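Trainee: Those protein sequences? They're chains A and B, same order as listed.
First residue of the first sequence? That's 1 in our numbering, and the numbers climb one at a time after it.
First residue of the second sequence? That's 1001 in our numbering, and the numbers climb one at a time after it.
Just so you know, these hints were derived from the structure itself, not from any lab.
Bear in mind the structure is a predicted one, so any value in this text is a computation, not a measurement.
A few of these clues could be false.
Said to hold, decoys possible - Between beta-carbon pairs, the in silico distance windows are:
1) A/T113 / B/D1067: 37 to 47 Å
2) B/G1082 / A/G40: 33 to 43 Å
3) B/E1038 / A/P61: 18 to 28 Å
4) A/V12 / B/E1038: 34 to 44 Å
5) B/N1018 / A/D57: 20 to 30 Å
6) A/G3 / B/T1062: 23 to 33 Å
7) B/F1010 / A/A55: 16 to 26 Å
8) A/T113 / B/F1010: 31 to 41 Å
9) A/L39 / B/N1112: 37 to 47 Å
10) A/T13 / B/G1053: 42 to 52 Å
To be verified - Computed far set for chain A versus chain B, every beta-carbon distance over 12 Å:
11) N10
12) G16
13) E44
14) T52
15) D56
16) R64
17) F65
18) K97
19) V115
Just so you know, even glycine gets a beta-carbon here, dropped at the ideal spot from N, CA and C.
Residues per chain are reported as follows:
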Amino acid sequence: GAGVSQTPSNKVTEKGKYVELRCDPISGHTALYWYRQSLGQGPEFLIYFQGTGAADDSGLPNDRFFAVRPEGSVSTLKIQRTERGDSAVYLCASSPKGRRNTEAFFGQGTRLTVV
Amino acid sequence: TQLLEQSPQFLSIQEGENLTVYCNSSSVFSSLQWYRQEPGEGPVLLVTVVTGGEVKKLKRLTFQFGDARKDSSLHITAAQPGDTGLYLCAGGGSGGSNYKLTFGKGTLLTVNP
């Protein structure tokens, strides 16, 4: 596709369950980012991939959150033992270069609701 | 921790009016970006400014980066209903973390016909 694609668009899960959120970046983009946007807030940085490796995971709130990008393209954000406070829109973005280019192209997000 | 404060938080105006929104910080940023976000969508990049004092124009939108690279403004001339949306500013980190964007909370603009 032409843009960053995120699936699912919406996810409702019960407290304590495990969820996976998928991001398909723009073809050829080597950098991939995950952000989280809570209601009434701007996006907050979670993790940055350059190729297959997580170059910066300093924004992950705790060890229940983990992300992978095994082939340097699609990425999956994984959340274990979900809590109601994890409810937010999870945004994925990609850019064509790495550290020198911060012009990120965002997907439409996955709205996660933990009940 | 770098923080960006945006003002006003909400703005409702009539079509044809001019407006300015602000983005301020006590920190220096390597770059400053403005995004527009519509409900149910991700932010869409409008502009990137990197040099202190830089001014960029995009049709009816004028963006300015402060001389000290700590603040920015977005001015819209003759606003139209299609300008309605959440305007977010985002600062690029300094040094080796310029990829990491710090976002403000946004200004929610409503332009009434």
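Trainee: Please list, smallest to largest, the hint numbers that this structure does not respect.
Mentor: 2, 4, 5, 7, 8, 9, 11, 13, 15 and 18
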